[in-house]
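Each residue of the sequence shown is one higher than the one before, starting from 1 at the first, in the UniProt record's numbering.
FYI, nobody ran anything at the bench for these hints, they're computed from the structure.
Keep in mind that the hints are not guaranteed to be accurate.
[As the list claims (entries may be wrong)] When the alpha-carbon atoms are kept at most 27 Å apart in a straight line, the in silico DSS-like pairs for lysine-lysine are as follows: (1) K5 to K25; (2) K34 to K69; (3) K34 to K2; (4) K69 to K5; (5) K34 to K44; (6) K44 to K69; (7) K25 to K44.
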Amino acid sequence: CKMAKNIVVAATGASGLPLLVECLKIIRENEDFKSHLIMSESAKLTLAHETEYSLEDVYQYADFILEPKDIGAC
Numbered sequence: 001c002k003m004a005k006n007i008v009v010a011a012t013g014a015s016g017l018p019l020l021v022e023c024l025k026i027i028r029e030n031e032d033f034k035s036h037l038i039m040s041e042s043a044k045l046t047l048a049h050e051t052e053y054s055l056e057d058v059y060q061y062a063d064f065i066l067e068p069k070d071i072g073a074c
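Can you make the complete structure from the sequences, with help from the hints?
If you want it as structure tokens, here you go:
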């Protein structure tokens with residue numbers, strides 16, 4: 001039984017959110033890895049203003065969703 005490796009994918013609000021989505025898709029395709037997504041409030045605003053993705057669209061590609069205020073999440 002092999003354990004999955006964990007990858008934290010984080011967004012702070014810069015304009016690279018389409019790249020973040022592609023990274024999550026790639027991680028999702030490989031069963032050896034699990035993604036932990038964390039997005040700041042600024043990232044969520046940027047997502048809404050600069051992309052056609054909804055937050056739910058992005059969340060569907062992550063294995064785990066973390067909140068910025070949850071300091072013990074990982």
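Of all the hints given earlier, name the ones this structure violates by number, lowest first. none
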